[in-house]
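Asks: Residues per chain are reported as follows:
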Amino acid sequence: MGKNGNKKKFTLSWMIGGAQGSGVDSSANLFAYSIASAGYYVFGKREYYSNIKGEHSYFNVVASDSPVRSTVDHVHILASFDAETVFRHAWEVEEGGGIIYDVALENESLRNIPTIEERLKSEIAERLKNENLGETLRDVLTAAKRRGVRIYPIPYMDLIKKTGEIIGEKQLTLLLRMVNTMAVAASFAILKADINRLHRGLSYAFRAKKAVVDMNFTACKVVYDYVHNNFADDFPLTLPNRKNGEDLILVNGTTIVGIAKIVAGCRFQSYYPITPAADESVYLEDKQVFNLNSVSDGDEYEYPHLAESRQLSDKGHILVFQSEDELAAIDMAIGASLAGVRAATSTSGPGFSLMAEGLGFAGMNEIPVVVTVFQRAGPSTGLPTRHEQGDLLFTIFAGHGEFPRIVMASGDMTEAFYDTIKAFNYAEKFQIPVIHLLDKSLANSTQTIPIPTVNEVLLDRGLFINEHLDGKTYKRFQFTEGGISPRVPLGTRGAIFWNTGDEHDELGHISEDPIIRTRMMDKRMGKLELIKESIPASDKIATYGDPDAKDWIISWGSTKGPILDALEMLEEEGVGPIGFLQVKILHPFPAELCLETLQSAKRIIDIEQNYSGQMGRLMAMETGLRPTNLIVKYNGRPFTSTEVRDAVKEVLARNTKRIVMNRGG
Amino acid sequence: MTVTQKLTMAHFRTTLFNDWCPGCGDFGILSSIQMALAELQIEPHKVAVFSGIGCSGKTPHYINTYGIHTLHGRPLPFAIAAKLANPELTVLAVGGDGDGLGIGAGHFVAAGRRNVDITYILHDNGVYGLTKGQASPTLRRGLKTKALPRPNLNDAVNPIALAIVCGYTFVARGYAYDTRHLKELIKLAIQHKGTSFIQVLQPCPTYNDLHTKEWYAGEDRIDPETQKPIPRLYKLEETGYDGEVKSPSEEEAIAKAVEAIKKSYEWGDRIPIGVFYRNPFVPSYDQRVATVAPVYLQSPPALQPIRTKSMKPVADVSPLFDELRVLY
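Going line by line, the protein sequences match chains A and Z. For the first sequence, my numbering begins at 1 and goes up steadily by one. For the second sequence, my numbering begins at 1 and goes up steadily by one.
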């Protein structure tokens, strides 16, 4: 491990682990925010079991002096307060790194930890045996020391008692809750980081609970001083405060999507609880009431014509509705949309399976609706809390019969924000269901990103009529030159219409007339061409790297982060040139743009987090162009940048056709 | 149409050809709905009728109001959301017994927990008509209607009792051929502030050869004295039965519910129709939302501005960003 400044880009990889329910998340948020507050960019990855309490969870935070978009395989500091974390992750700590642990746990035996899987236990035991060591935590630490890892034994219990004396609190169970915070404070001391930043981090992690913040800060100081006084060694990485001129937020994927929905004018969201999507709806429910902006000169609010007799509030509100299942969730979003509301539902794969039915109804009746899908590992219940990009083909083809839709995928938090707003614009403009694909990695990662610029956002409602239509003839499904029929909300005078899942005429009444059937199919499916024509290229794809490269990577969604970080590393190593094509709108597929981009490509490396390389298959189907090499991963853990780097190097060196990566705990 | 013009049943009719079987109970339900809306003088464009799948699913097409013929079993989720989005709408849901108590049973149960101000009319004929007469969830065990190759092995669900235990606050039963009575029930249901449920007994002249118009009329049992049939149906209100909860007391609500459930088990020789249960003291869903977000009553989802005339969003999310902002 090099000292600060040895590399072009400084990165620190920090990890904390512990039993679920013991505050791993809040301590990681504390660390991430405090480090960001010291002027660094951070990216954090959260891994947890489908379990409430007791199973192992961990959080890996990478801090850097330039924007960081992914995690790495190695760890510089492993902060722990239980034995399991050390047994599992000590091996990831690289030479020169450090392990913070509870000195009281040194005699813990590997065999006594029920939550480590038998396969992993055997693997750890084998490693220890190869080093002629026993199976206690002390043995693991000895092995680490032999590799040049520093160890930091912390007497948590003594320090907790000392903290209790200072703040006048004797209740040990209460004090013990701060052990996670203490592990963060120890990390700060080792990195010689500014302890006052921890106070800001505590305020962020514990929100407004001032008493909790103060108590934890006292504990931080006790630990910070202890580490400072007892470990004089010069840890090779330090995190002095640095100036960061950017206005940043520290945010996760579910939160940024929630905020974007409020901006987008979404005023109804239905959902059925599911991991990892539910956090978004819960966030929205918490923030359901919000203020309205004052308008600039010459502009004014566009009031709905249906509200003509109302004294409206000066506040806005989004109604978040927890439905009985996902069948109802999508139907409710559609019902609200019929009433003129921008409406959405949010789910993951298993929930989306149930939504296939409602999706077809929206397609058939040309009703705008946004379905936010945070993918997780399938099939069936799969790995409920783990990552995968396995639902691309499913979301494109879900539902019986043929109807138009847009399937779009965001590559990172910032894209997720703007894409959420675009999803509502597309849904209303083309009067179709829009599926916005995200995933567990985006949902649960935290990242520092520039504050999105809301004042550049436009809400395009397409042919949404905001007036009563007295005396005019209104046909909801009127054949028009532009391909889209003007739409009114339920309750509009002079515009009564009908909807049916049956084939229907222009009024919306059931029709089995073969001529009308063909025209209606043409009308609906014709929107796909309209979409292709009207969405700008920059919203459909993004390209990075050398446009004339012979080697191209293609991918979609959250693999963007690790790929871009890997490309930076490869460039530093002099490997390349490599191009990277990120497809953002997956359906209708931007075939011409992909063909154009890849015309110089001799090798097309498809990188995806699924078994079969779903986008590669899609591209082959839509363009005739097949990926030459496939790098896939489906073990439930997101790609790290170092993993992508290594896999790409292998493809470049040996032209390996299919590489299955399997890193991550 | 001006507001002063008196609305009649004709205002609620469409000119569409109606393809129900001659003698179908659906006709009675359709005209009862049209009469109720006309008598309540609700303007057609302020009404939205949601339906499920099957013969009854076609009902909205014959009514001149907004009509949303949804998916099998799903009229309630659509209807509930539309009402919550714009509470100024009068929202009705209609569907068959298979629709509401078979494929849509989950929604039936959940709707009772919410008390959204809508009216749900269940067309109950004991069979799946449009798929040629299979047994529905309300057909009793051992019965063999004419399209069944073997007698029905499932027990029937009791829609009135189920609605009451699910929490519906207005629970009634009508008969499709007694349109005057049914129309009054529908009017009461629409006027009730909360979720209203009306089970409508209806013959299926094509597939239910057991519960026919003649059977309901008791033509199989002639009074030896008068030589007239003894009808099976009787009206609860004519017996002095009163299912209305009169005070906000839980004790009274439970007592009335138990009484109504007991009543709902009467079947065969004497079948009650009318209002089984009504509780006006349960807060409706909009009132519940208002307890956590008072703004909802003033500015429900469909009636809020979301953008300015120059297409800018109106929501101020800066406080949300501030909570997440990195302070140096």
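Please keep in mind that the hints were generated in silico from the structure rather than gathered at the bench. Here the structure is a predicted model, which means the values were calculated and not measured. C-beta atoms are modelled at their ideal positions from N, C-alpha and C, and glycine is treated no differently. Any given hint might turn out to be false.
Claimed, not checked - Pairwise CB distance ranges (calculated):
hint, chain 1, residue 1, chain 2, residue 2, range
1, Z, Glu88, A, Arg658, 23 to 33 Å
2, Z, Glu39, A, Gln322, 31 to 41 Å
3, Z, Pro294, A, Gly96, 55 to 65 Å
4, Z, Pro248, A, Gln322, 20 to 30 Å
Asks: Evaluate each hint against the coordinates.
Replies: Against the structure, the hints:
Between glutamate 88 (chain Z) and arginine 658 (chain A) the C-beta distance comes to about 59 Å, which lies outside the given range of 23 to 33 Å. For glutamate 39 (chain Z) and glutamine 322 (chain A), the hinted distance range of 31 to 41 Å is satisfied, since their beta carbons lie about 37 Å from each other. Taking the beta carbon of each, proline 294 (chain Z) and glycine 96 (chain A) are about 58 Å apart, inside 55 to 65 Å as hinted. As the Cβ distance of proline 248 (chain Z) to glutamine 322 (chain A) is approximately 27 Å, the hint placing it in 20 to 30 Å holds.
In summary, the structure is inconsistent with hint 1 from the numbered list given earlier, while agreeing with all the others.
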